[in-house]
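J.: Spelled out, the chains give:
Number of protein chains: 2
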Amino acid sequence: MSAGMTTKNGEAFDRVSLESLMRRRLFYTPSFEIYPGNPKGLFDYGPAGCGLQANIVDLWRKHFVLEENMLEVDCAILTPHYVLKTSGHVDKFADWMIKDPKSGEFYRADHLVEEVLEDRLKGDKEARGVKPTAEEGEQKRKKKVKDTKAVKLDDAVVTEIEEVLAKIDNYNGEQLGQLITKYDIRSPRTGDVLPPPEPFNLMFSTNIGPSAALPGYLRPETAQGQFLTFSKLLEFNNQAMPFASASIGKSFRNEISPRSGLLRVREFLMAEIEHFVDPEGGKKHPRFDEVRNIELELLNREVQLAGKTDVERVSIGKAVEQKIVDNETLGYFLARIHLFLQKLGVDAKKVRFRQHMQNEMAHYAADCWDAELLTSYGWIECVGCADRSAYDLTVHAKATGQPLCVRETRKEPLRIEEWQVDIEKKKFGPKFKKDAKTVEAAIEGLTQDVLEKLSLDLKSEGKVSVDVNGVGNGTVELEKDLIAIEKRTRVENTREYTPNVIEPSFGIGRILYSLIEHSYWTRPGSDARCVLSFPPTIAPTKVLLVPLSTHPDFAPLVRRISHRLRVLGVSNRVDDSSATIGKRYARNDELGTPFGITVDFQSVKDGSLTLRERDSMKQVRAGEEEICQAVQRMSEGVEAWEEVAGRLPAFEKQELE
Amino acid sequence: MSAGMTTKNGEAFDRVSLESLMRRRLFYTPSFEIYPGNPKGLFDYGPAGCGLQANIVDLWRKHFVLEENMLEVDCAILTPHYVLKTSGHVDKFADWMIKDPKSGEFYRADHLVEEVLEDRLKGDKEARGVKPTAEEGEQKRKKKVKDTKAVKLDDAVVTEIEEVLAKIDNYNGEQLGQLITKYDIRSPRTGDVLPPPEPFNLMFSTNIGPSAALPGYLRPETAQGQFLTFSKLLEFNNQAMPFASASIGKSFRNEISPRSGLLRVREFLMAEIEHFVDPEGGKKHPRFDEVRNIELELLNREVQLAGKTDVERVSIGKAVEQKIVDNETLGYFLARIHLFLQKLGVDAKKVRFRQHMQNEMAHYAADCWDAELLTSYGWIECVGCADRSAYDLTVHAKATGQPLCVRETRKEPLRIEEWQVDIEKKKFGPKFKKDAKTVEAAIEGLTQDVLEKLSLDLKSEGKVSVDVNGVGNGTVELEKDLIAIEKRTRVENTREYTPNVIEPSFGIGRILYSLIEHSYWTRPGSDARCVLSFPPTIAPTKVLLVPLSTHPDFAPLVRRISHRLRVLGVSNRVDDSSATIGKRYARNDELGTPFGITVDFQSVKDGSLTLRERDSMKQVRAGEEEICQAVQRMSEGVEAWEEVAGRLPAFEKQELE
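So the protein lines, in turn, are chains A and B.
Numbering of the first sequence is given in UniProt numbering, commencing with residue 1 and proceeding in unit increments.
Numbering of the second sequence is given in UniProt numbering, commencing with residue 1 and proceeding in unit increments.
Treat the hints as calculated values from the structure; they're not laboratory data.
It cannot be assumed that every hint is accurate.
Which copy is meant is left open, so a pair is good if it fits within one copy or across any two.
Said to hold, decoys possible - In silico DSSO-like cross-links for lysine-lysine, where the CA-CA straight-line distance does not exceed 27 Å:
#1 62 with 250
#2 102 with 250
#3 459 with 487
#4 343 with 62
#5 149 with 85
#6 40 with 398
#7 250 with 85
#8 182 with 583
#9 343 with 131
#10 350 with 425
Source: prediction; values computed, not measured.
Next up, chain A with everything else stripped away, as it sits in the complex (with noise of 0.2 Å):
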């Protein structure tokens, strides 16, 4: 938040000119817009949102399923009543909501006092006569809470409500209600005073089969379904530990008031991982090593407390020394989620790690850092890395009955010294009779501490007394002949063991709408093109065909030119309008395709041709094969521009506009 945002090259971040871009070029729009009403938090994706879309979620498969050996399972939405009631959501998993009683409209508190509080202090800083950021400019102009008033405040104050601010996330919902009396927030609409918030569900229910038999909800993560085919899994790796599930697949959160675009959603694409780690030796991680001395900014819970918000750059080996991050396993995957967002191309300066306060963590969570990507919309969570601990498997495997666990051979068998009781079952039944099985249930149920002690008064006094209830006068005295107590070694062979889970879990249409903002500039010049900059390997469309003019000589060749790349793997497009080549170039520097093929009349002659690049529009010029191949290995990041420029000669004339 704080300063206005900058784009890669610099300029103030212009959203309406984004949005505008996204709108005109289809990257995604809201659903269903031509019915009037139409619900908010839904999005469509157009041809290029839906491929960019595709490369995240390819470049994540290869990052982390592949590379890791993941076991990537792709389970049911529907999800019985039963199975979230188990896992905690259908009674912990809300928002705290406000129903403004006269206007009917929903408010999620804390957005509501978030919004309010913000506003002030802004009128603050108006009063004060500080000039508003270009962002907070921006941001009054489209806001549909009331207009700011230049109200000065006591420093006190401003410094109060920055501290809240801070730490908005940590209030529950008593604590909203005490914040909206405190400052007296009112309704936005009617000025009224409001009810206390109340917890709304996040989960859309609906009913499965033909009766009202089986309630159930769409799941709001795809973690539940990973979890319960836990033992399948185990099973299906040959018993083996650690390893990890993954999933990519649609989650659902009835959001009470969707805002901020694709940032805040009630249907989105997640890709979640489930590593299942023995929580016994520290959660130690075999890779460990490769990642030690990558460095993180980091944002601890203590921090965020003071309502600071200062960032750490450390290596995330000391990190985990330190004890600022738990242990290694969690601390392997903060870096690979790092290096994840690296290979993206999101921009580096706008990227840290955020450890959740208690109150902000998932009721299942132990322990959660959040990668944050800078926007113009503040700070946004786009990966959530949580140690749910051994939380899930536990309350299935109680609710079922069904062990979710490991069970493996112990390197070295356990040895245990123990007092064990014999007991002589031919006279043991006819003495007792009917008492015989309480009696031995009372006698199995002595502790070694008991036994011990038991142990020296048989050997005294050739007898012992056992307190039964219910038997006699609620003591028995047992003979020597009744009963032996010995010391002797026990050997366990196996160890039983719930894993715990530590879970990355990526919100990939955060990450792409944050992307696009990392990605988008606009080229200095009277008319202030935008280009989007994403990476080759990311990029919807790699490359763009344009042939100097419609003359139909050209055509055969860049027919020929765009056979040649699809079966290259390369996605290509055709612009053979007739518009200037410019222009062509310049639409598609919008779609944050790479390259550009022109194909003029000397390619027809030899068929030698000219590749652009787009962020720097300079040229080289080469035959069709070197092209073709140059721009294969680009796209699959396996060389990079600068690479070819220096092998293939320059082209120097001018881009024809």
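Guided by the hints, dock chain B onto chain A, whose structure is given.
T.: This is chain B only, laid out in the frame that chain A set:
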């Protein structure tokens, strides 16, 4: 149905053993299985199932979307009520359901009739002493409906029932009720008489947003989202027609009583194309010539209505000429679907194209052909190819008032000769005063025929009489000075029309399951090992890497080859367990892995490797570079095994069992 299914090497198909393989190797298993009473019709895909599904989708995208430059979109699953009300799904997207009032069970009416009547035919055969086929025997064993009774039927009744079964998809609810009465079909559970069938809507309903004000559904098809973005797509496509949109995503249908594994599920992956075409000029397709000579097995409507199932093998060119298939565009897609199924590796002898009967068609369809694949469950609809005419665009345009149409400049302006009326406004107003507008509207509403007649009146009598409801006595006289009627030529430069839609719609799960059945066989021999012969392009994993033993010298080489193949985009798995090589290969034959690379002591010395092919079990030996390249080429479908076996030296050593 009819004859018993055989596998690709001619043995009897054994579904029980295939199902056991699917579960054991985690292709797919029922969702939420650890919970008792988990809902039917929901499945989780494991790693092998996910990989297979991803490769089918990938081929689909290449074969259709990329090859034909379709515009891919990804639209919302949550759909407001009013959209599906307009599309007709709220009123008509239903199956006929019967509730057994005593047991509370729900039956799908057509399935109940089908099962009971098929059972009676079997009982008849038994009574006549005809041995059931292997498949029938197996079906009987698994039947939920009561045991078949050996009761001989009249010959005429047998013929009648056979005819009913041949057109079972053509009956509406009333007709199904009549069949139930006629054949005295009772509750399979209680033997009671059943109530008449009622429609049951198949959409899952929910509420969008915090209030109950916006009811919605999970989409039953991806199509509606595509229709609603039509105008945006047309603009994106620079107003050029024809074009197609395409979408891959989950859809949902609340089946009354799911059965048949993956074939009838409540949540499924669809891939749908909406090809928008000008209805004028016979719905030609520019690339029809490329497919004209492709021959398909067609089962048309008339044959089915005659109670028969004989297919006709005919080229698609001829089928369109003879109007068996209505138009070129529909025919083009049938042929393209056929080519897609071939590339996938389905058994060409188990494919047919069946035309829908009138009552069977969805409410929006003008014509529809299904690509059906033969499985042990009978002929299964895997791809529907419907001509939805202008139905959807028309109803949505009407409901929203938004134009969902194409406006194009006519190449030849349309010249229309017509009678036109000129009104002398200056005199007209003063004369009719408040009635002026009504009179004018009445004149504008006159047909060409009437105008022609009036022009003669005007010429001959100097005045005309026009009926104007509500003015004077209902007739108005107009003199020459008020009105002129002349024949003139009007020129129309633009044409406006609502495109028709041809919709090929693919059920990916059904295709996946049918492909698995077609690919399944057991290797002759003592232990009857299972093999899934997926084509290398489709197989979930391409290569298994097998070190000869657990000797530590092999590990670095295996790791290097694995990494090298991954960089080449070839998915691979290492099996360095202590099982014999033969066993390890057998395990992977079950997963459909087409190739295996063995690393032995010679490999460590000189880098040479053995490459094994799954179906033939033949082996070749060459250097790492050559082997990796061969595997890559075969995995991409560029080279066949036969070619590789022809150019690389055979390795004759026996497989080490």
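J.: For each hint, tell me whether it holds in the structure or not.
T.: Hint-by-hint comparison with the structure:
{"no.": "1", "hint": "62 with 250", "verdict": "both (19 Å within a copy, 23 Å between copies)"}
{"no.": "2", "hint": "102 with 250", "verdict": "neither (36 Å within a copy, 39 Å between copies)"}
{"no.": "3", "hint": "459 with 487", "verdict": "within (13 Å within a copy, 131 Å between copies)"}
{"no.": "4", "hint": "343 with 62", "verdict": "both (11 Å within a copy, 25 Å between copies)"}
{"no.": "5", "hint": "149 with 85", "verdict": "neither (46 Å within a copy, 45 Å between copies)"}
{"no.": "6", "hint": "40 with 398", "verdict": "between (39 Å within a copy, 23 Å between copies)"}
{"no.": "7", "hint": "250 with 85", "verdict": "both (20 Å within a copy, 25 Å between copies)"}
{"no.": "8", "hint": "182 with 583", "verdict": "neither (57 Å within a copy, 72 Å between copies)"}
{"no.": "9", "hint": "343 with 131", "verdict": "neither (38 Å within a copy, 65 Å between copies)"}
{"no.": "10", "hint": "350 with 425", "verdict": "neither (74 Å within a copy, 69 Å between copies)"}
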